[in-house]
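Listed here are the chains, written in short residue letters.
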Amino acid sequence: MNAPLFKQMLKINLKGISNYAFGSAFYILLMFWLYPGIAQNTGSLNELMLALPEGIVNAFGIQAGFGSMEAFISGEYYGLILPLLLSIFSIMLSTGLMARLVDQGSMAYLLSTPTSRRHIAATQASVLIAGLLLIIVVTTAAGFIGYAMFIGDRYEFNGSRFLLLNVIALMLFFAIGGISFFVSALSSDEKKALGISGVITFGMFGLDMLGKISESVQWLRFVSLFSLYRPSEIVRGGGDAVLALVILFLIGLAGFIAGVIAFSKRDLPL
Amino acid sequence: MDVSFTVNKGEVFGFLGPNGAGKSTTIRHIMGFMKPDHGNVSVKGLDTWTQQGTVQRYIGYLPGEIAFIEGMTGKAFLEFLASMQKVDSSDKRSHLIERLQFDVNTPIRKMSKGMKQKVGIVAAFMHDPELIILDEPTSGLDPLMQQTFIELVLEEKAKGTTFLMSSHSFPEIERTCDRAAIIKDGKVMTVKNIHELQSMQRKLVEIVFENTQDAETFVKSGAVPIDSQDGRRVTVAVQGNYNELIRETAKYPIRSLDITAQNLEDVFMHYYDRKEPVR
Numbered sequence: 010m011n012a013p014l015f016k017q018m019l020k021i022n023l024k025g026i027s028n029y030a031f032g033s034a035f036y037i038l039l040m041f042w043l044y045p046g047i048a049q050n051t052g053s054l055n056e057l058m059l060a061l062p063e064g065i066v067n068a069f070g071i072q073a074g075f076g077s078m079e080a081f082i083s084g085e086y087y088g089l090i091l092p093l094l095l096s097i098f099s100i101m102l103s104t105g106l107m108a109r110l111v112d113q114g115s116m117a118y119l120l121s122t123p124t125s126r127r128h129i130a131a132t133q134a135s136v137l138i139a140g141l142l143l144i145i146v147v148t149t150a151a152g153f154i155g156y157a158m159f160i161g162d163r164y165e166f167n168g169s170r171f172l173l174l175n176v177i178a179l180m181l182f183f184a185i186g187g188i189s190f191f192v193s194a195l196s197s198d199e200k201k202a203l204g205i206s207g208v209i210t211f212g213m214f215g216l217d218m219l220g221k222i223s224e225s226v227q228w229l230r231f232v233s234l235f236s237l238y239r240p241s242e243i244v245r246g247g248g249d250a251v252l253a254l255v256i257l258f259l260i261g262l263a264g265f266i267a268g269v270i271a272f273s274k275r276d277l278p279l
Numbered sequence: 004m005d006v007s008f009t010v011n012k013g014e015v016f017g018f019l020g021p022n023g024a025g026k027s028t029t030i031r032h033i034m035g036f037m038k039p040d041h042g043n044v045s046v047k048g049l050d051t052w053t054q055q056g057t058v059q060r061y062i063g064y065l066p067g068e069i070a071f072i073e074g075m076t077g078k079a080f081l082e083f084l085a086s087m088q089k090v091d092s093s094d095k096r097s098h099l100i101e102r103l104q105f106d107v108n109t110p111i112r113k114m115s116k117g118m119k120q121k122v123g124i125v126a127a128f129m130h131d132p133e134l135i136i137l138d139e140p141t142s143g144l145d146p147l148m149q150q151t152f153i154e155l156v157l158e159e160k161a162k163g164t165t166f167l168m169s170s171h172s173f174p175e176i177e178r179t180c181d182r183a184a185i186i187k188d189g190k191v192m193t194v195k196n197i198h199e200l201q202s203m204q205r206k207l208v209e210i211v212f213e214n215t216q217d218a219e220t221f222v223k224s225g226a227v228p229i230d231s232q233d234g235r236r237v238t239v240a241v242q243g244n245y246n247e248l249i250r251e252t253a254k255y256p257i258r259s260l261d262i263t264a265q266n267l268e269d270v271f272m273h274y275y276d277r278k279e280p281v282r
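Keeping their order, the protein sequence lines are chains Y and X.
For the first sequence, the numbering used here assigns the number 10 to the initial residue and increments by one for each residue that follows.
For the second sequence, the numbering used here assigns the number 4 to the initial residue and increments by one for each residue that follows.
Treat the hints as calculated values from the structure; they're not laboratory data.
Since the structure is predicted, the reported quantities are computational estimates derived from the model, not experimental observations.
Warning: the hint list may mix true and false statements.
As the list claims (entries may be wrong) - Mimicking DSS-like on lysine-lysine, the simulated pairs with C-alpha atoms at most 27 Å apart in a straight line are:
1) Y:K274 <-> X:K47
2) Y:K20 <-> X:K116
3) X:K113 <-> Y:K274
4) X:K95 <-> Y:K16
5) Y:K200 <-> X:K113
6) Y:K16 <-> Y:K274
7) X:K78 <-> Y:K20
8) Y:K200 <-> X:K47
9) Y:K24 <-> X:K119
Hey, can you work out the whole structure from these sequences and the hints?
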């Protein structure tokens, strides 16, 4: 870790990170604000869900129903929009922190200072992790604030499950960030890094989606990291959250370490 | 690529060669950006590939293609770099900025080529490194600034700083360097001190005689090698034999005289053709 580099990189990327964080917080607040109106019609909404094909219900992650606040939020936000948002964020920032600096050449300046490549790569990785952490913390905080402001004691809300949901989301993107970081550390071309990380991340996202829609291709889900992240199960207290957390953490850690090592060993076209 | 040379402490070493000769590639190895297929580069006895991150403590670097981190001003970038160089260089920095005369508060994306070059020079010099590596340092600078740059190099040299610089501009090498290596196709053709190189440099002198008759006589005398003749205008190729030229020319009334130093590629072209690479 190199403190001046961390500070500088965070400063440069802070605007982007806060845009994601505030966008996410705003959406959560909106959902909490809308919930009381929807909760009054829970019965008819659940009936509507029964009328929908099961595959569709699974794909959008709304099988938890509308009965509780965290079930509603897991379907409406954590099931689709947040993963998309954080996927884009992880791919963009991991590419921007490594491959872009090599591609445009400013990495030469970082490497001309008495800082080893390992330290530089590890610092860049920690900027990505700090960014993800900030977005999730702001999002989680917005959830609790929204609950206090709009819900009060009127409806059910299991705070610890909501927290767990956020922790697993963070770990999922720790893993995806790790993979994207590894790709970025190996690339000398910004567009190529963006493309490869994008194909891997959205490929896994798509496979998970397909696996959820149709039972016949359910196996597709198991080649996807997204299968370890099942918001609707988490809020119902199902699934093995600890196992998912450990696997995601290990995959992410492996990605970041591999990225740091690969970067310190390769030829750089600077 | 097969390049071997030694730069002595306190000397200014020039690195000359046509485009694509391997100058920048050699510098990349010195900076530890690439792993040599065989052989090694060491600075102060430290291997630049295995000890990357440590060697850099002694090095100031100006890349050939300058790219700063986006979204910063020149001032912010230099301050950031200084904090990574771990040297308090604020005095030297402001002194250099004053010498090079540029507005340090300009955002990097609005900077011209010359201005980026100036920021790059400040970044390479400000932390008082023992060795400064410059890849084409004066490209983009106007003649006045090139002059200032040469003065800067000479001042640092007087303080004992070692330099390695690649260049296309012979006058710049001529005025600053002690020795220079000529590199072509990834091979060092020769390492010579600058006086030897000066005598090797071919210059074209264009002489306009008062009388066409004189021009004819001058050409026929054969005292100096003639490049071409067009009426009263004679072009002579000189390579070290300045005395003969002056003696011979002084015999006639001359209307005008013009010297064009050839660019480096032309200068050494015939050297390249003639000599086998030195081992």
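message: Which constraints among the numbered hints does this structure fail? Numbers only, ascending.
response: Failing hints, ascending: 3 and 8.
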